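Number of protein chains: 2
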Amino acid sequence: MTIQQLTEAIRSKQSYLCVGLDSDITKIPAHLLSRPDPVFEFNKQIIAATLPFCVSYKINTAFYESQGVKGWETLEKTVNYIPDTHFTIADAKRGDIGNTSSQYAKAFFETLNFDAVTVAPYMGADSVKPFLEYRDKCTIVLGLTSNSGARDFELLPTGNERLYEKVLRTVANWGSASNLMFVVGATRAEEFTNIRSIIPDHFLLVPGVGAQGGSLKEISEKAMNGNVGILVNVSRAIIFAGEKENFATEASAIAAQYHQEMKGYM
Amino acid sequence: MTIQQLTEAIRSKQSYLCVGLDSDITKIPAHLLSRPDPVFEFNKQIIAATLPFCVSYKINTAFYESQGVKGWETLEKTVNYIPDTHFTIADAKRGDIGNTSSQYAKAFFETLNFDAVTVAPYMGADSVKPFLEYRDKCTIVLGLTSNSGARDFELLPTGNERLYEKVLRTVANWGSASNLMFVVGATRAEEFTNIRSIIPDHFLLVPGVGAQGGSLKEISEKAMNGNVGILVNVSRAIIFAGEKENFATEASAIAAQYHQEMKGYM
Numbered sequence: 008m009t010i011q012q013l014t015e016a017i018r019s020k021q022s023y024l025c026v027g028l029d030s031d032i033t034k035i036p037a038h039l040l041s042r043p044d045p046v047f048e049f050n051k052q053i054i055a056a057t058l059p060f061c062v063s064y065k066i067n068t069a070f071y072e073s074q075g076v077k078g079w080e081t082l083e084k085t086v087n088y089i090p091d092t093h094f095t096i097a098d099a100k101r102g103d104i105g106n107t108s109s110q111y112a113k114a115f116f117e118t119l120n121f122d123a124v125t126v127a128p129y130m131g132a133d134s135v136k137p138f139l140e141y142r143d144k145c146t147i148v149l150g151l152t153s154n155s156g157a158r159d160f161e162l163l164p165t166g167n168e169r170l171y172e173k174v175l176r177t178v179a180n181w182g183s184a185s186n187l188m189f190v191v192g193a194t195r196a197e198e199f200t201n202i203r204s205i206i207p208d209h210f211l212l213v214p215g216v217g218a219q220g221g222s223l224k225e226i227s228e229k230a231m232n233g234n235v236g237i238l239v240n241v242s243r244a245i246i247f248a249g250e251k252e253n254f255a256t257e258a259s260a261i262a263a264q265y266h267q268e269m270k271g272y273m
Numbered sequence: 008m009t010i011q012q013l014t015e016a017i018r019s020k021q022s023y024l025c026v027g028l029d030s031d032i033t034k035i036p037a038h039l040l041s042r043p044d045p046v047f048e049f050n051k052q053i054i055a056a057t058l059p060f061c062v063s064y065k066i067n068t069a070f071y072e073s074q075g076v077k078g079w080e081t082l083e084k085t086v087n088y089i090p091d092t093h094f095t096i097a098d099a100k101r102g103d104i105g106n107t108s109s110q111y112a113k114a115f116f117e118t119l120n121f122d123a124v125t126v127a128p129y130m131g132a133d134s135v136k137p138f139l140e141y142r143d144k145c146t147i148v149l150g151l152t153s154n155s156g157a158r159d160f161e162l163l164p165t166g167n168e169r170l171y172e173k174v175l176r177t178v179a180n181w182g183s184a185s186n187l188m189f190v191v192g193a194t195r196a197e198e199f200t201n202i203r204s205i206i207p208d209h210f211l212l213v214p215g216v217g218a219q220g221g222s223l224k225e226i227s228e229k230a231m232n233g234n235v236g237i238l239v240n241v242s243r244a245i246i247f248a249g250e251k252e253n254f255a256t257e258a259s260a261i262a263a264q265y266h267q268e269m270k271g272y273m
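Order-wise, the sequence lines are chains D and R. To get my numbering, take the position in the first sequence, counting from 1, and add 7. To get my numbering, take the position in the second sequence, counting from 1, and add 7.
I should point out that these hints are in silico values taken from the structure, not numbers from a laboratory. Here the structure is a predicted model, which means the values were calculated and not measured. Here a beta-carbon is modelled for each residue, glycine too, at the ideal position from N, C-alpha and C. Check before you lean on any hint, since a few could be wrong.
As the list claims (entries may be wrong) - From chain D, some residues computed to sit far from chain R (all C-beta separations above 12 angstroms): (1) 14; (2) 39; (3) 58; (4) 88; (5) 92; (6) 140; (7) 171; (8) 183; (9) 186; (10) 201; (11) 229; (12) 250; (13) 255; (14) 260; (15) 267; (16) 268.
As the list claims (entries may be wrong) - Below, simulated DSS-like cross-link-like pairs (lysine-lysine); rule was C-alpha separation at most 25 angstroms, straight line: (17) R/51 x D/77; (18) D/113 x R/229; (19) R/34 x R/51; (20) R/136 x D/34; (21) R/270 x R/229; (22) R/34 x D/113; (23) R/77 x D/84; (24) R/113 x D/84; (25) R/77 x D/51; (26) R/20 x D/34; (27) R/34 x D/136; (28) D/77 x R/84; (29) R/270 x D/77; (30) D/77 x R/77; (31) D/113 x R/84; (32) D/251 x D/20; (33) D/51 x D/77; (34) D/113 x D/84; (35) D/84 x R/84; (36) D/113 x D/136.
Model the full assembly from the supplied sequences, consistent with the hints where possible.
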């Protein structure tokens with residue numbers, strides 16, 4: 008699925024919700040642990056329960072890598088299980104010198120066939136461009152993240168602007184709004200007006216609503232553009248809404264609430 | 008193996024060579040491709056051939072992830088194959104919000120039992136500290152990288168210093184020289200005197216010698232400290248020294264040359 012197709016899905020479904028599959032094996036319901044692949048079983052039920060309310064799934068690779076080869080198998084099964092009506096994001100935050108970034112791009116865009124992957128900007132142009140060479144895929148570069156550590160470097164002044172602003176302005180020239188998005192955390196709502204002045208047209212992937220405390224209302228008001236232009240990710244608040252056998256029903260109910268709220272903002 | 012033990016190995020062997028297992032399946036000798044796991048077969052022979060001349064192996068995760076589950080199996084087999092006389096580095100350049108970085112730390116320090124992992128600094132303290140909580144392991148944070156893209160952000164002025172200097176100075180406070188190293192590319196030799204004024208005691212992992220053109224002589228003169236304090240990585244120039252059946256012999260010869268040269272600088 009391309010960004011163009013994602014935009015159409017958002018309009019027709021009246022939802023810009025992305026469900027984050029941060030499927031920590033130590034947090035999934037206990038009754039699943041006897042299954043051959045507990046995390047995949049969890050993911051399947053979460054996906055089935057939330058599919059009507061969201062347009063995208065974001066798989067956080069860390070929670071799979073921590074389980075070694077078995078986790079990587081679960082990751083592969085999960086991305087293959089998501090129907091092509093939904094935009095798939097590998098939240099991997101990769102980035103390395105050019106010939107190595109090419110291998111990461113291959114890993115996520117070819118071997119695993121994700122629609123999008125998140126990329127760290129620190130190492131500059133040749134670390135990002137190998138991803139952008141896949142013109143029908145989407146590269147999502149970290150701009151301003153939702154965590155407290157964003158203050159350490161991302162918000163540092165550099166010349167007339169702060170580092171993350173320089174990153175947005177610079178990286179925007181390496182791709183187009185049709186194959187490049189940026190991560191901007193929902194916990195930085197005060198920055199969204201400024202961000203839209205720098206990158207009016209690009210989609211923003213916005214994590215930080217839910218467990219991290221960002222306000223859906225505030226970011227929807229400040230960050231949307233004429234093309235909707237935001238994909239709001241919620242992970243823990245949806246997937247761990249329930250802890251027992253009925254976890255999928257509870258996840259569905261929370262996803263439906265977000266969907267309902269989003270309809271009101273569109 | 009800890010940084011302390013690595014230092015002892017460097018002194019006793021008179022080598023600070025790290026061999027980078029960037030084992031691209033499209034570049035390994037053709038006769039290996041009929042083996043059940045060609046890359047593992049390649050790695051085993053490279054490791055056996057270079058073991059006497061180096062003190063460390065660096066596995067670049069991108070070249071394994073690009074092969075999917077099978078690649079992750081090869082990665083696991085390779086790190087398990089490296090004897091504990093040698094310091095093992097996962098060159099993974101991970102980094103995310105705190106609860107996610109904890110999962111990456113678990114992946115590389117527990118599940119795969121690497122001695123060290125490379126980490127990207129962009130997202131700040133809470134993205135790096137979960138790695139540093141493993142006090143007997145080593146976290147290697149990107150400082151100034153060897154690629155051309157380093158100019159885009161790492162060399163930007165921020166206040167009285169450049170971003171990478173700010174990163175070195177800030178991150179150095181989060182760990183100690185016994186559990187924290189920095190990546191500094193060999194192609195930036197002109198910066199080493201300055202770098203040593205900021206972080207005199209920390210080990211530097213120095214890629215960029217060989218295929219990328221950095222000078223071993225120059226970086227050895229400028230970057231060593233009283234504790235040796237550098238680990239120089241060579242990947243392609245060693246592992247792809249030969250293209251035929253005798254590739255391991257050729258790799259061994261090049262590794263031996265680097266070892267010989269390093270003896271002269273110690």
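Ascending list of hint numbers which this structure does not respect: 7, 18, 26, 29, 32
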